[in-house]
Every structure is written in C-alpha cells, then in structure tokens.
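Participant: Let the hints inform the model, and build the full structure from the sequences given.
Respectively, the protein sequence lines represent chains A and Z. Mapping the first sequence onto the numbering used here, position 310 (from 1) lands on 685, and the numbers just tick up by one. Mapping the second sequence onto the numbering used here, position 494 (from 1) lands on 924, and the numbers just tick up by one.
Source of the hints: derived by calculation from the structure; they are not laboratory data.
16 Å max Cα-Cα, derived EDC-like pairs, lysine to aspartate or glutamate: (1) A:K745 - A:D933; (2) Z:K640 - A:D503; (3) A:K745 - A:D811; (4) A:K745 - A:D819; (5) A:K424 - A:D503; (6) Z:K640 - A:D510; (7) A:K636 - Z:D513; (8) A:K636 - A:E602; (9) A:K745 - A:D902; (10) A:K745 - A:D808; (11) A:K603 - A:E635; (12) Z:K640 - A:E840; (13) A:K603 - A:D640; (14) A:K636 - Z:D514; (15) Z:K640 - Z:D613.
Beyond 10 Å from chain A on every Cβ pair, some chain Z residues (computed): (16) L557; (17) G587; (18) A746; (19) R750; (20) D809; (21) E866; (22) A935.
Only part of the chain Z face toward chain A is listed, based on derived beta-carbon distances under 7 Å: (23) I493; (24) Y516; (25) D667; (26) R831; (27) S847; (28) F875; (29) A923; (30) H927.
The C-beta atom is built at its ideal place from N, Cα and C for all residues, glycine as well.
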Amino acid sequence: MSVDVEAWRGVAQEQDAERTAAEAPDQKATIRLRAASRALLASLLRPHKRALGVLVALLLLQNAAGMAGPWLVQLGIDQGIPPIAGRGDYTLLILLAVAFGAATVGEYATKRGFLALSGRTGQSVLLDLRRRVYDQFQRLSVGFHERYTAGRMISRLSSDMDTISELVDGGIEDLVLAGLSVGSVAVILLWLDPPLALVALLSFPLLVLLSNWFRLASAVAYRRTREKVALVIVHFVESLGGIRAVQAFRREPRNQQIFEKVNEDYRAANLVANRLIAKFSPGIRLVGNVTIAVVLTYGGYRVLHGQMEVGVLAAFLLYLRRFFGPMEELSQFYNTLQSATAALEKLSGVLQEAPDVAEPAAPVPLRDAKGEITFDSVAFSYRPGLVVLPAMDLRVPAGQTVALVGATGAGKSTVAKLVARFYDPTVGTVRIDGVDLRDVSEADLRRTVVMVTQENFLFSGTIAENIAFGRPTATRPEIEEAAAAIGADAFIRNLPDGYDTDVRKRGGRLSAGQRQLVAFARAFLADPAVLILDEATSSLDIPSERLVQRALRTVLTDRTALVIAHRLSTVEIADRVLVIDDGRIIEDGSPTSLVAGGGHYADLHTQWRTSLA
Amino acid sequence: MRPYAALYVWMILAGVVTTALGVALPLIVQRVVDGPVLHGDDRGLFLLGALALALGLVEALLIFIRRWVQANSALRMETSMRDDLYRHLQSLSVSFHDGWQSGQLLSRATTDLAIIRRFLSFGLIFLVLNTATAITVVALLFDLYWPLALVVAASAGPLFWFSQQFTRRYNAAARLMQDQQGDLATVAEESAGGIRLIKAFGRREHMAEKFTRYARDLHDTAVGKALMVSRTWAKFDAVPNVTLAVVLVGGALAVARDRMTVGELVAFVSLQLMLIWPIDALGYIIANAQEAMTAADRFYEVVDTDPAITDRPGAAVLERGDVGGEVRFDNVRFAYPDAPAEVLRGVDLVVRPGETLAIAGVTGAGKSTLVSLVPRLIDADHGRVLLDGRDVRDVTLESLRTVVAVAFEEPILFSMSVRENLTLGRPDATDAEIDEAIDVVQADFVRTLPWGLDTRVGEQGLSLSGGQRQRLALARAVLTRPKVLVLDDPLSALDVHTEALVERALTRVLTGTTAIIVVHRPSTVALADRVAFLSDGVIAGVGTHSELLATNPSYAAVLSAAADDAGELAGEGAR
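Facilitator: Structure (structure tokens):
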C-alpha cells in the first residue's frame, strides 16, 4: 500500500464535494445542522403525535409493571414469610404472588403493544424520511448532482437510512426505559431509605458526565464514518459501473488498492467510534459496581446497627442491579442512537440544500406553448472565470428547426441545456413564448421542452416501460406507434419478448444504436412543443438514421427543434443553421444559403461531401 | 474467520471471567446478609465490601479489554470481507455485471456486511456470554436450593419452543427485507445515474412514485417483522417473570419451613434476576443472528459465483515481442444468457497481422459482441478465437489484455485525473508518449483544462462533451501500444473535421498494429484495408469497401454513402 493512492484523483474545483451547503466545516454550521436535524426529527414525528402519546403511556405502564417486581419480592421476604413461619398464614404470600402474576401479564401486554406500535410508527417515519430525501434529490439541480455525485446520493439513500432503521429496529424502548428507570429507581430508593439512597444517587452525576462526554465525542466520530462510507460507495459504484474498461485495461489491481484504502479509512473512522464505546461501556459498569459495593457495605452497616431492615437492603441491591445490569447493552443502543443522529444530520444537510435552479414562487402558466425561444444577452459559465457563452442573443420562432453546428466544446450543448433549464444563465434571460424560464413551473416546462441527449440512459425494465417514460400514461398501442414512427419497431419485435424484453442494467442487452432508437421513441412519445436533440443520432447506422430522419421531417414540422449533430446529413433537415464558435454565433442562415455563402459551414459541407466519397 | 480466532478466544475468555465476576456479586451479598449482618461483625462486613469493590473494578477492566479487542476484530473482519467481495466482483465477467442490479451488489457490500459486523461484535458475543451466564447461574441456583432451581431450569422449555417458532418465520422475512433493500438501492442508483434524463422529461413525480412503491414494499416487510418481534419478545419477557413469581412463593414457603435462610432466598432471587436480561436479549440476538445468516447467504451468493472468464491451468504468457497479430475467428457462436437466439451463428474471419479491418452491419447485428471476444470480455459458446493461431483462452488474461486494447463507443471515464484516465492500461507511460497519444486523437483541449492533465474528469470531476470523452478513451487505447487494437465505433461523436484529423493520425499509428474497427459510417470505413460485413450472425462478405458495395446489395444498403447521398441529392434537387 505504499503506492500513492491520492494523486490519481486529480484536481477539481470542489475538493469537498461531500458537504452540502448546510454543512460547512465550521463550528457554527455544526450547531445549525444539529438544530436542523432536530427540526427534521420533530417534523417527521409530528404526524404521529397520538401514537407517540400511546407509546409513552405503554412505556410508563411497562416500567411500572417491571418496577413492581423487586418491591413485591421485598414485601414477600419481609412481610410474607413471618406469618407463615408464625401462624401458617399464607394469605399475604398468595396475594403477593397474584400481584406478581398481574404485573407479569401487564408487562407482557404493554411490551407487546409497545413493540408493535413502535415498529409501525418507526417504519412509517422511515418511509416518510426516505421519500422526502429522494424527492429533494430529484428537486436539486443537475449542477448539484454533478458536484455531489451519484455515489453519495446512493450512500445517503441506502447506508444512512440503514443506520437510522437500525435504531428503529430495536433498542430505543430500552433506552427510554433506562431513562425512566433512573427517575423511578431514584424515587423508590429515596422512599425505601433516604440516607442509603443519597449514597447510591451519588453515582448519577457521574453517569450524566460520562454520557455527555460520549455523546459529544461520538457525534464527531460518527459524522466521520458517514463521510467515509460514502467514499467507499462512490468508488464501488463507479468502478463496477465501468467494469468493461477496468477489465479491458487490467485496472483491477490498482482499483483494489484504491478500494482497500477507502475501505481502510472507513474502518479507521469506525474504529475511533468503537473505541469510544469501548471506554464508555465499562466506565458505566465501573460506576455501577462501585455503587453496589458501597451500598452493600454501608447498607450492611446500617442493618447491622438496626437502622434498616434486611429486606430493604435486598430490594435496594435488586433495584441497583436492575438499573446497572443491562447498562452495557444499553450503552450499545445509545451508540446506535448516536450513529443514527450523525446520519440524520447528513440527511438534513441534503434537505436544507436550496435548489439553485429553483421552482418559481408564483409561476406564470404556460398552456399550449407555441415554442418560441429567445436568448436575451445570455452569458453562462460553469465556474467563475471560464466563460462558455459570453453574450448570446437569439430568437427562434415557433415551429422552426434549428441546427447547431460547431467544434466539440464550442458551447452547443450548453445552449441546449439552458433551454432545458438544467442551468440558469449567469447573466441575461432565456424565454419561452416570452416568459422567463425562471418563472415557468417545472411541470409546464417539462411538458413543453424535452431533450434527448447522447447519453441514452435506459432504466432496467422492459422496452415498453422505457419508451413510456416519455409519457407514463401512454397505452401500449401508443407506445408501439411511437416506436414504429421512428423505425424502432422492427428490431424490438425481433427481441425475444418484443416490447416486454427486459433491457437489463442500463440497457445492457441492447446495442448503442438500439438504445438510441429507444431514446428517440421515448422523446417522440412525449410530444413536446420544443424538442432538443443533442447528438441523438451519432450511434445509428445509415438505414436507421435514414428512418429517423424521415420520421423527423414529419415529427418536427409543427414544433420547435434544436438539433445538435455532427453529421451534416442530420443538419440538412433544418430550416436554419447556427454555426457556433467559442460560445458565439458566427453564421446564421438556411443550409443552402450558408453553403452558397462560402463561409465556415460551406467548408464543413465540402469536407463532409469528400468524406462520403 | 480463522485469522481472528485468537482474538475471539481473548474476547470470550475476558467475557467468561466477566460473567463469573458478575455472578459472584450476588453470592457476596448472600454472605454479607447471612454472615456479618446476622452476627454483627463490622470487620467482616468491610472486608466483604472491599472484595465486592475489587471484583467490580476487575470486571470493568475486563469489559474494557473485551470491548477494545472486539471493536478491532469485528471491524477488521468486515473490512476484509468487503475487500474480498470487491476483488471478486472485479474478477467476475462483464455478463455477470450486466445481469446483476448494481444496487443488489452494493447492498451486499454495505448493508449486509454491516449486519454481519453487528452480529459479530454484539450478537455473537452476547449469545456466548448470556449462555454462559445462564448456565452458571442455573448451576449456582442448584447449589443453593435445588427444588426451586428445577423450576428455573424448566423455564428453558418454553423459551426453546418460542425461539424455534420465531427463527423459522423471521429468517424468511429477514431475507426478503435484505433483497428489498437491494432493490431500493437499485432504484436510488438508477435515479442518480439517470438524473439528466429524469430532469429532461420532468419525470420527478413518476420516479418518486416508483421509489415510493419500492420503499413501501420494504416498509411493509419491516412492519411485518416488527409485529413478529412484538409477539415473540413479549413472550420471552414473560417467562422469567412467571418463573420469578413461582420461586418467590416457593422460596417463602421454604424459608418459613427453615429449608432455606433469608440470605439464601435473597441470593437466589438476585441470581435469578441476572437471568432476566439474557432472556430478554435472546429475542434480539436471535433476530440479529438470523439477519446475519441471511446476509452471509447473500454475500456468499456473489463470492461463490465462479468467474466465468479466468486463466486456464497452464495458460501461456504472451510476450508482446512475439505477437504477430493475426486474429482468426473460427466458427464462433454466441448467445446472450436467456436470449433464445444466437447473436453469432458461426463466424469465420481472418484478420491479417497489421491489417485494419472494419466490421460493418446493421444496428444490433452483433458487431460489438464479436469484437468483445478478442480481449475476452466475453467468451464464445462454440468455436474459437485465435491470436497467432493460439486460442485466446490458452493465454493468461493479463498478457492477452496487455496485447489487445479496446476503445468502446460509449467512453468510460473514471473520476480521476486526465493523466490517470489516459494511462489506465499503461501506468508507466512517459509524458512524451502521453503527449503523442493526445495529438493522435486531437485532444488538445486537455491542455487548456484548469489544471491541465491533473484536472479531474469523469462523474466527480469536470464534465466533458461526448466527443471529448470519446477521444480520451481512444487515446487510452492508443497509449497502450497494443498489437491488436479493437475500436468499437470510436469516432461517432466527433465532428467531420476532427474525425478526418483523427483518422489521418490513426492511420500513421496503426502501422504494424492489427486493428478491428466497428463502423457505422462510410467515413470511418476509409480507415480500413478491408471490410467484413456481419449479417444474420455470420460474415456475409469480406472485401474492400468498393468491392462490397459492388457485390453485396445488403452491404450497400447499410453503408452506402452513395445511396444515402443519392437520396439527399435528389431531395436537394427537388428543392
């Protein structure tokens, strides 16, 4: 492991992509985040107020039933035995046994009720939290996701959730019961024998101090484990997602090294947390043992000197044991609680993140959009200092098909992404039908503008489901019609289960060209007023491309389209061509006029002609 | 688990001593009550008190040691299991990965291993300790007063019966829940990967519904589990209480009849109270153990999958100097798992050393499948792929993949520096070689990135355009100076101008290298010496581009620029 395992990462703008805006590394942010996670917890629990009330009642009853045991034992020894020994009178003892039986039944019923209700409540809180976090991720902009990365999102939605569900699964009631026990044991002890009780209660401040120390130290430790596990997940997901390249280029040993490094970091973070509990748990036990020894000696002394009954001493010791006995396990649950709290903080960091491409507060309705697009001195840069578009003015009338041409990196895709509002412009305004995109509701915008990218992402599931993503309400005939319209029908029907063929992970069963056809069918089905095609035909073979183009001629007639393509065969279906260079429009006109004009596009056109020969 | 045996012996030893000490305390209490207290012996009382204190200190110390060791060993085991899983996953073939949901693999590496760790560091230890405690306590109880101890021992019967029932049902639920966690992780993974698509179509609600559906399934299973737990744990709790009541009555009677002293009864009851927690925890531990078992099943499902593509025994190591570069497909047949029809139905094809051969065919004809056979990303079902007359399966994977380089149509960049991405297959490449490769693929843009070659690209870095990514992937393949270069439509995202430049440079680099190139466009065909036309799973023709155009009408339909052109020209003419 002596190999340099960090340089490979390279340099990036966001070295600390782990953090959401809410979790800056300073002390204030930590406090803010803790408040936020408490507020989150409160809002999660609010709908379950009644259930919580019942749970508390059940716990109190269970506690009372549990506490009755030692008291009944004491009564039995001190009061029950003498009458039997003296007069052979069993009444009191039988009464006590009956009371004990009732307490047992009570404890059974309350425990069962509590576990069932707390299971239901906990799981429904968990479901609610899962949905909220998922929904928030979906709301956050593409820019956020590029920074935060898929692996971290998965980590938040899986590993962090697991940690919280572990808490819900078991232990919380024991923790609360322990809290209740502290109170009730104190009261009972004081009632039994005040002087001895005061001696026993000296241990409580120590327990409080110890728990406080653990709470603070473990919060830091667990926050760290949450961050480290995310790195493990990020590397796992990304490297296995690219397994083809990993194997083809024999990257396995290096990946293994990197994985073992992040895994080891995660272990180290966990170890810190576990060592805290390794100190905390015996610490509690120590306090308990010392208390018991002291109570035993002092109590024995008092009994010896006739200041106390033997039975009281016995009850005293029983109560203390009951209290300190399961303390070690309880400290384990406390540990779970701390770990879950750290996870909850991470999640509330995500929930606090304000979407940088925000939904308008008062959206301007966009019904039956025509699809006119205007760029009003739009400037854009992905990061400060690197301007992609300096100042773009553009008007695309409704129904026009515009092709964007230019070298890779000229800014064509950026134009497309601004129209689809993946980002908001740094300066200036993008409008659709005269309405600023920032004033259009998400739902209206997506109904109006659809973008097909070169990514061709497919979900695992059937072909039909993937096409229906364009319009989830579509019927099977409509789906097949869309596929037929762009010429995908033939290959789909040839698959083993036709439209019901499972495309497998990321569409792995299909070839790149087939995936592209499915993506096209999906966009076709969505039937938007503005269609953006970003390199959407690059993987198609000539016959498929020809089919797609034929389809496009009809598809694009009554809608606005932005087409980004390197193949001029695709460009030629456009009404208008924009040649973009370095974020500027350097030529603008119909394909034929540009060819005749003898400029940049004319050169490209000539080159393309030659390439065909 | 073997390397940790010593640690576990330590832990269990410390645990057993701790238990013994814990059990000793009530006995001291008994001595105190029956001895000094009854006889008014102050000194004896203080001595016993000091003993209790000393034992208490030792117990806490031992717990500390056990915990400390335990934290170490369980974590180390989890970490090494995860390393093993990852290593194994890397060795499993591409088709394995295509067939498994990534969330299912991930949940094995995280959720399941955490469950196993929890059991090892918590459940297992307490199972051992609690059993030890129970046995010791019961033995001492027999020593104190056997008739009542018999009652206590008998209470194990119903406990056994309850746990039997519980185990059976809980096992199935635990497995179901873990599978559903994997499914949910898959949905999360797909939503993260497809975020742009989801945004582009505004399908937030649709995806939220899908996620909720899976989350609700998980919720339902979890609630079912909770109800199962509530029924059983409450029963577990009731057993020691009922026993206690019986003991109390019986004990009082025994004391009244002078069969027992009061001190003995107090000791008996307080010893018996020591059983409450172990029994109470039994339900939790059983649940924990069941979950760990099903989690381990899931883990081993993957780890026990034999890699389909491995070195044969006695596989030869290829020396790159000795490789001529002739690639021969000999009656190669291949079908994807659970697809009824073969994609390749007997491909025979020879690629001469140093030759550049293009493979053409319609979308989905099996071109990518065919070329994936050469670096053994997949293996043929029948027939052979031969490199210089030697079956590629008789060569070590390591040396084969050193000699054969691939660039995929969908370029895979990792979140690493540009340099690291480029040198993926050749970590020892010099700067001059890297520069040359960058020049070949016209990737000048990397030099203007904010941190040059050290700029992080890929998912967690700077986003590049499709054409830029494709060129980096191509440079990566070129940089390995392979004897056989497999390019799967590597220029599809390039503009015409750049494509021409790359092709010109490639031709120069490809001298002496055998190249197999999947093509879709006539412009890329220009690179090739010959073209093989793949149709219906067989090679339907081999020859130069013009020969095939002339002789093979279906080839002409797929790759004729002229046909394409004619249409376009006609269209233009009409305008």
